[in-house]
Every structure is written in C-alpha cells, then in structure tokens.
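Chains A and B, in that order, are what the protein sequence lines are.
Numbering of the first sequence is given in this note's numbering, commencing with residue 1 and proceeding in unit increments.
Numbering of the second sequence is given in this note's numbering, commencing with residue 1 and proceeding in unit increments.
Honestly, the hints are just simulated from the structure, not real lab data.
Quick look at which bits of chain B chain A covers, simulated, 3 or more residues with Cβ under 8 Å:
#1 92-100
#2 204-216
#3 283-297
Only part of the chain A face toward chain B is listed, based on derived beta-carbon distances under 8 Å:
#4 Lys28
#5 Met49
#6 Gln50
#7 Val52
#8 Val53
#9 His54
#10 Gly65
#11 Pro66
#12 Leu68
#13 Lys69
Glycine is no exception: its CB is placed at the ideal position from the N, C-alpha and C atoms.
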Amino acid sequence: MTAEQTTIPVTAEAVEDALLSFLAERVKASVAPDQDLFGSGLVSSMFAMQLVVHLEESYDIAIIGPELKLDNFRTVQAMTRLVLRLRDASG
Amino acid sequence: MREQLANERALVGELVGDQPGSWDLAGELPIGLLHKLGAHGVLCAEVPAIYGGLGAGSQHNGELTACVGSLCSSLRSIMTSQGMAAWSIQRFGDQGQRHRYLASLTSGQLAAVAFSESEAGSDLSAMRTQIRACGDSVVLDGQKIWVTGARYADLLVVLGLHGDGAALVVVPASAPGVRLEPVADPLGCRAAGHSHVRFDNVRLPASSLLGGGGQSLPLLFTTALCYGRISVAWGCVGIVRACLSAATAHARRRQQSGKPLAQHQLVARHLAELLVAEQVATRVCEHASRCWASASPDMVVAAVLAKHVSAGHAARSAATAVQVLASAGARDGHVVARAFRDAKLMEIIEGSNEICQLILAQHALTIPE
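This is chain A alone, in the form it adopts within the complex:
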C-alpha cells in the first residue's frame, strides 16, 4: 500500500467520486453513477479486468469467485456497494 492509497476515505461518496473520475480518465467519457456500463458499451473486455484490479488495489479488497458477477460491476453505484460490503466483511 502506498501512502496515497491509505488516505482515500472509504465512504460511499468518496468511492463513487473516485470511480467516476477513474472512469472519466480511462474511457474518455463522462459517466453517470447509475449508468449501465456494459449495456452502453463503455466497458471493453480489456477494461473490465482493469476495473477489478483497480478496485482491489485502491481499497485493499479481494474480489474473487461469486463476487465477480456482472451485477456487481454494472454501474458505479453497484461497484461502490461492492467495495463497501467487502471492506466491511474484511474489517
């Protein structure tokens, strides 16, 4: 963990904001928190895995097995819920 990562506050708002800016930077489009990323074709096959690895690294969680279900990644809100749930489970 780098100093930068440990200082990210893990509230729903903070996770959602961080994800929105990560997405805006990587997919070069502004994304709404409830937008279906897969349905809108914004998430490429390459990017889906980068998202998983990014979340794991940023929030010190392991997203494996059944947690890799599509529904957990469909929207920024869904990913935010996933992060908070996995952090609660490990904390």
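Fit chain B to the supplied structure of chain A, relying on the hints for placement.
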C-alpha cells in the same frame, strides 16, 4: 527462488531430455511425462501453496515457462493451458471449488481451456456456447475449436453464455456428450494435442459452475487471457533463447571460406539481432510479470505488449536461426525448424498480432496529451 527454480529446471531438463524432436515428428507428447510434471506442480507453478501448488511468483513461473519453451513449445503450450485453467479457477471459483480443482491440477490431473469458437475468437458477441440451469444441474451445449491440450486433458474449463452474462464450467473430458476431434497436422506445436471439442447436452452438477456463474463475459475472457498472454510471452522468450543458442553454436563451429561463420559480417549481424531479441523479449516479459505481481491495473496492457513483442521477436528470430543454420537446421524436428513453425503460431494465438495492435492503439489513445 533461485534454488527452487534451478531444481525445477533440472527436473524438466531430465524428464524432457533430447526427445522434443521426436515428439514433434510423432505429433504427440508422452502422457506419463505430463502427469509427472503436473504432479510436481510445474505445469501451473503459480498456484498458492494452500491449494497444493508451488506458489511461484509471476517472474519465477515466467523463467520456468521460458525454460520449457526453449526445449519444446508443445509442452510449453500444455503449461500455458494448465496455468490458465488454474488461474481461472482461483479467480472465479468459490472456496470449495478452488480447493477441489486446484488440488487436482497440482497432483497430476491435466486441464485445458475451451474458449474459441469458429465464429468467436476475439469477437465475444458471436459466442454461441450455452450453459443452462436445469434443477440441480447445468447443461452445456456448444462447439469449441483449437482447444490446446484437449487430447490429454482430464478436465475442460469451458466458457459459455449463462443467464444474462457468462460462466466458466469445469467439465470432465469423460462426461457423456463430450466429443473430441483432433486438429489434423497443425502447422506448429504439433504435439500440443489441439482438438475441436463438441458438447452435446452435457449435464453436470451445478457445483461445476465456477463461482455460481452469471459473470461478465469480457471479464472472464480477459482474466484468463491475461495469464495466457504472459505465459505465451515467456514461452516466446524460450523460443528466442533456443534460436540464439543454436545459431551461435553453429556459427562458432561451421567453417566457410577458411573461417567460422561468426566471422562473416552478414552472419555476425544475425547473431547480434538474436541477442537483441532475447534481451528485449526478456525485459518486456519481466515488466509484465512485475505489473502482475504488484496487481497493477496496467498489467492487462503490459501482458498484451509482452505477448506482442515476444511473439514478433520469436517469429523473426526463428527465421534468422534457420537462415544461419541453413541445411543443418532445415528438417522437421530440428530445434530451429520447430521454432520456425511454433513461433508463427505464437503470432496468432492469445490475440493475433493485429488484435494486439488494436488493443495497444486503443491504449495509446487513453494516454493524456
């Protein structure tokens, strides 16, 4: 790591010996050898110790993969498949599935991964294979092509559509409804046991569905492929090393016009290019393995870069080595002749040159101006 790697290399060297040429000609690997290497955990060395594996890091496994790749790309292909299967199970399986299947894969059972279809290679939207829930069972229907190692496999890890997403399902090769058709006379990796596989109404317990299924198709695909690409990339490093070694040995010994080939300038340039290829391919693979080890989001692109660069160098290096050895290497079974055919396939599988370039171009466009 160094001592363990030396032991593993010695084991591989001892079991493989000078047989790859005859395996290539026969188009078959001895299955006993595969079971033995599998039981040592060498075929999927990154499986963590808690699941019975060697717990090797990406770079350690990479060097081991290059070692196998320098001897025999058919055997290295088996290693790539087994590793992709293990990684997919580790990533997508639940705890029980991980323990059950990874214990099998590190104790001698062999696995292949069945992804490609005749209409669906890189275009996932064309995938047709279906996994349907049916009470306590799942039913699998579809056709997969060019499944590496299927001929030897006990288990097939099959990608299919499932619900509104996709899933990986672990299928015993002996299950009713599974039919294999060997790929006849492949251009390269001739002993890798490539087969087309048909699944007709294959009924399996729901516990065969990794993580309960319903996952994202691109995510499943890219996750498995990312491992596969790093593995192929390191395998290509092995091809380049075998070519460098064969070409320098020949150029030192063979006399022409009263001096060794190596002292003819145009031949010396070939040797320099082989050395450059070996160094460049190694460095780009080390970079990908470091990204993998540090769980950097960049690992996805780094794996594509490594695969693309290494496969290109392997193909060019093999052509160069055949040129240097000339008639001494121009027969099937010879290390440089095998490299020539095997390396060409490496420019096609796990993302062709063109697909890799498209991905890299997309990545280039995300870099800030």
